[in-house]
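Protein sequence lines, in the order shown, are assigned to chains A and B. First residue of the first sequence? That's 616 in my numbering, and the numbers climb one at a time after it. First residue of the second sequence? That's 616 in my numbering, and the numbers climb one at a time after it.
What the hints contain is simulated information worked out from the structure, not anything from laboratory work. Predicted, not measured: the structure shown is a model, and the values here were computed from it.
Identical chains blur together in the list; that is why a pair holds if it fits in one copy or across any two.
Here are the simulated BS3-like pairs of lysine-lysine, each with C-alpha atoms no more than 25 Å apart in a straight line:
id	residue 1	residue 2
1	Lys-1009	Lys-877
2	Lys-1236	Lys-1167
3	Lys-1211	Lys-1145
4	Lys-1086	Lys-1211
5	Lys-1145	Lys-638
6	Lys-1086	Lys-1145
7	Lys-638	Lys-1209
8	Lys-1074	Lys-1145
Number of protein chains: 2
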Amino acid sequence: MSERNVAEIDLHNLHVLDPLIGKCQQLVREVAIPYQWEVLNDRNPEAIPSHAVENFRIAAGDARGEFHGTVFQDSDVAKWLEAVAWSLCQAPNPELEKAADELIELIATTQCGDGYLNTYFILNAPRERWSNLAECHELYCAGHLIEAGVAFFQATGKRRLLEVGCRLADHVDTVFGPARDQLHGYDGHPEIELALTRLYEVTHEQRYLTLAHFFVEQRGSEPHFYDIEYEKRRQSCATESGGLPWMLRNKAYSQAHLPLSKQRTATGHAVRFVYLMTGVAHLARLRQNDQQRQTCLRLWQNMVQRQIYITGAIGSQSAGEAFSCDYDLPNDTAYAESCASIGLMMFARRMLEMELDGQYADVMERALYNTVLGSIAFDGRHYFYVNPLEMHPKTLRANGIYNHVSPVRRPWFGCACCPPNIARLFASIGHYIYTLRADALYVNLYVGNRVEMSVGGAKLRLLMNGDYPWKDEVEIAVESALPISHTLALRLPQWCSAPAASLNGERINCEPRNGYLHIHRTWRQGDRVKLLLPMQVRRVYGYPQVRNLAGKVAIERGPLVYCLEEVDNGTELHNVWLHADSQFSLVDGTGLFKGKILLQAEGVRLQHTQSEEAALYHYDKVPGQLEPQRLTFIPWFSWANRGEGEMRIWINER
Amino acid sequence: MSERNVAEIDLHNLHVLDPLIGKCQQLVREVAIPYQWEVLNDRNPEAIPSHAVENFRIAAGDARGEFHGTVFQDSDVAKWLEAVAWSLCQAPNPELEKAADELIELIATTQCGDGYLNTYFILNAPRERWSNLAECHELYCAGHLIEAGVAFFQATGKRRLLEVGCRLADHVDTVFGPARDQLHGYDGHPEIELALTRLYEVTHEQRYLTLAHFFVEQRGSEPHFYDIEYEKRRQSCATESGGLPWMLRNKAYSQAHLPLSKQRTATGHAVRFVYLMTGVAHLARLRQNDQQRQTCLRLWQNMVQRQIYITGAIGSQSAGEAFSCDYDLPNDTAYAESCASIGLMMFARRMLEMELDGQYADVMERALYNTVLGSIAFDGRHYFYVNPLEMHPKTLRANGIYNHVSPVRRPWFGCACCPPNIARLFASIGHYIYTLRADALYVNLYVGNRVEMSVGGAKLRLLMNGDYPWKDEVEIAVESALPISHTLALRLPQWCSAPAASLNGERINCEPRNGYLHIHRTWRQGDRVKLLLPMQVRRVYGYPQVRNLAGKVAIERGPLVYCLEEVDNGTELHNVWLHADSQFSLVDGTGLFKGKILLQAEGVRLQHTQSEEAALYHYDKVPGQLEPQRLTFIPWFSWANRGEGEMRIWINER
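Only chain A is shown next, with the shape it has when bound in the complex (with noise of 0.2 Å):
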């Protein structure tokens, strides 16, 4: 096991300075977040209501009216306050501050004397706090709130929500534990666990570590915690469901099954999976638990290999928002929830702080330049909840199959947990872009930007350049005063079959490590690395135990799964073959487009007579001919930007 110590980026000195990534923290800075304030309000008729900050105000008495929304609505508002924090980091911007301390101070007022904080239980069942873990998510929500509070205490140094969460934490930590008349349970949706790891970070409050690991080894031991409270409940439940509710029948949908230790496979609700395992690869690092580390993984190495979409996406099903099985891969019916890819982005974080192998950023790469960057819209205010890899829309109103479906970015949810979660990973992409530790400084995505880090006591200065992932050349300007003696780790992504690097113009010919090419120096202003991961065009195919994918084709640039959209190709996408042998071209895209790569390559459609007689069934040919069609392919994270349409990443190939 690696050592326990890894430094955080400070978020005040780290600049996003890229094109594409960078312009997306940009658009979520100036004009997600506002917008999803004005949300939050309810004062966007084109949204549905919110009701998340007037939760709070009825609850802190300054407004009348009765709760609404889900029984984690709280968490919106908290995932949008973290968003915030993060976006002050990279620039001042007083109005929003205020705003913010505004309703913090608003969140302050509706904690209970000892801690307590949850709207909804607040308003609507005060004597039931901690009576349904399994289904009604106040850890949940107070792991939110803590990671805010972190979070705002960090980029503004102001203590008054921390210690809200630290309150909250604390008398979470009087009612769970092992002691008797303790509460032996655990949520069902996790986010304590990571919330609590990151409190410890800040406070270095052995106790939140202690509290963490003890949610996270209770999970899953018989007799279920959740079968106790529910017969102490005298059976009663959160939702009508007519019958034993859906979270106790399907354990496995909380992780509540079994043990982790136990589990052999990534399985039930893939946000919920994520989330937990983020507290754990934490947990497993800060207190070098070798067990908890086997089961990271394990379990992680069960959902990348058999369990992820191209797209960085999992959740193959809609019920449960779960994973499926092995190779289930479906691409119209997907469920790949945003949020499930945020949380794998953060799982990956975690593993890579732990095990620094460059698989784990390959997947966070995966995940970031395709389901969490096409999550939201160019406008900055239409999201994704369900990101399928492929769109028919005249069936998908018809067919109760795609009922999760929408053909395109909505305003917002009923459940929002998307929006402002897109929000805060955008505005906190900074903390993915490198992992610094006492060895090296391991450099994992390509996400152009100045920075400022510690290093042995010295300030280490870098700047990295390059239009990533459009060119395919990085280059990484130390800018330090000082010289500073220290392992640089870059990772060469498992997409790039030939990278290459040089040193001040030299070529560096070490051997890679773990998908990481070390480069040991004494760094000296001036020193300029270049890396070169040439991107050719290169198609993918799955595994052959993937049925979704049988004699189908997907093409990738660097880091971008491309598609083919209906506005480019025309409609019946299914009737294109792409040749087995066709070269690309690429186009430099212009009006939404500009400053993107396309591509374009040969390929037929089978032609076919538009009949209102024709036949459904043929005998002997199939009734059209193939006729070449130059197809245009663009970046998926970018599609259903131009209204709606059919669209396919999996493409015939002949």
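Given the structure of chain A, go ahead and fit chain B onto it with the hints provided.
The following block gives chain B in isolation, referenced to the frame of chain A:
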């Protein structure tokens, strides 16, 4: 519009001798009917309890207890009785007839003084009769009881159940109708319409036809009857849905959203649709109503041109057991209910009687030899409710999109509409073989049989021989004692590209009309018509708008659709390709397949190493190599008779 009169074949005078359909009829008679009687009486511990007979016992006061089952549980008993009736035409069975007589006596005892009969309402809600047509199936159950009464009378001459049916119909006729004090409604599940037309044919009571017409014409008119009765009930529902019930929100589900004359596509619950249309087509002919006829033609056309599976199944989705939209025909998530294909045969029969066009018989044959024949196991005791065209058992249990699908036939169902429906269909198959009209005797199906019928006052006796659909020659021999001048119209199946016919050894050269070869002659004993229907193995391709079939081929021989099954071809059927030019060889089946013809052809399989460590995605080339494999195709109807495994109809072609 063609003439009004069609003579129904008296099933006493038709003996099915066919080695395939006849054997299945025998299986129904000797195994399924006794088996189902045990289940309906809850004497089979392996089957889900039915309680259907017990409900009648309780309602009659012969037993104590509560009603159990669906609101339409009575219909299972009625359909079983109808199957018994037709089976008694084929083979006397005093013991079975006695059981049926006793059951009929029990049913008669249950009937209320005013003619009302429905054990759910009698036992559970006697004051709520006719208050929830949308959800409660009262007229549906009444219809099935009426059909059973008609059948039992036709089969045995006994009037007891027919009278029960008439009293029930008379009661319905007082409750429903255009008068101010009558209900202007119609049932959520059509069936009464087709039953009343049947009852009219036996009783010649015009009122029944008028009432059926009323139900048909009332449907879909505004204000919607279902909304009116909902308000009358003070918004109470049969199903605890916590809101407006499904049937009110989705009126198209019950074909109640629009008057039929305004409907353009087959829509909603597939069984409801074909049951309704069966009644409408029958009415349109009997009352010579051209608007209703146009509705039938239009909706039939949409259904068979855009929404029917190659297996003669309808209903592309589980949600609402319903049609989806034009050209949406998923193979693995198909609903394709057995009852829907049975209803489709009923609808086709009535269309044939009205239109005398071979296209209706083509669809009837397709449904019979594929979905309907496949819905019952070789053992007669297991049934499919849902009939997928592709099966991957491993995924089935993991992904919620397959919740409705079973990999094997089941002993019974909680909603057990299919098993007794399958039984009555095979028992009454004689009604589908011929359409007897004054202008001609139309031979629709080449199910071997001996029949006697009255033609212009004389007895026409025919013997149809052959070994259809295994062999390509059918012989029809005239066995009548006296010469009879009439037209014999032989259907030329759409699947046959070069049919040939001869009369007493001389080739017949007349042009077919509407899919039938019309042979007019004074028929004499010893006349022999031979029909040669060459059964090349044929490749079938979907119309290119059907995206589920792109790049795929299905194999047919005669009316039979073939498939690959795992037991013959190994797992991962998605990795199998059939060459575009492979020749097929015919193989005589053995064991379970004795008497059946299997097909073989050369294909290829993508062979790959089954590695624990294999990556999910591979660059540049498919990880595996194509290797030759001899593929074995079985008639699809016989799949899943050798345990659970993968199955595919539509396979890759290269």
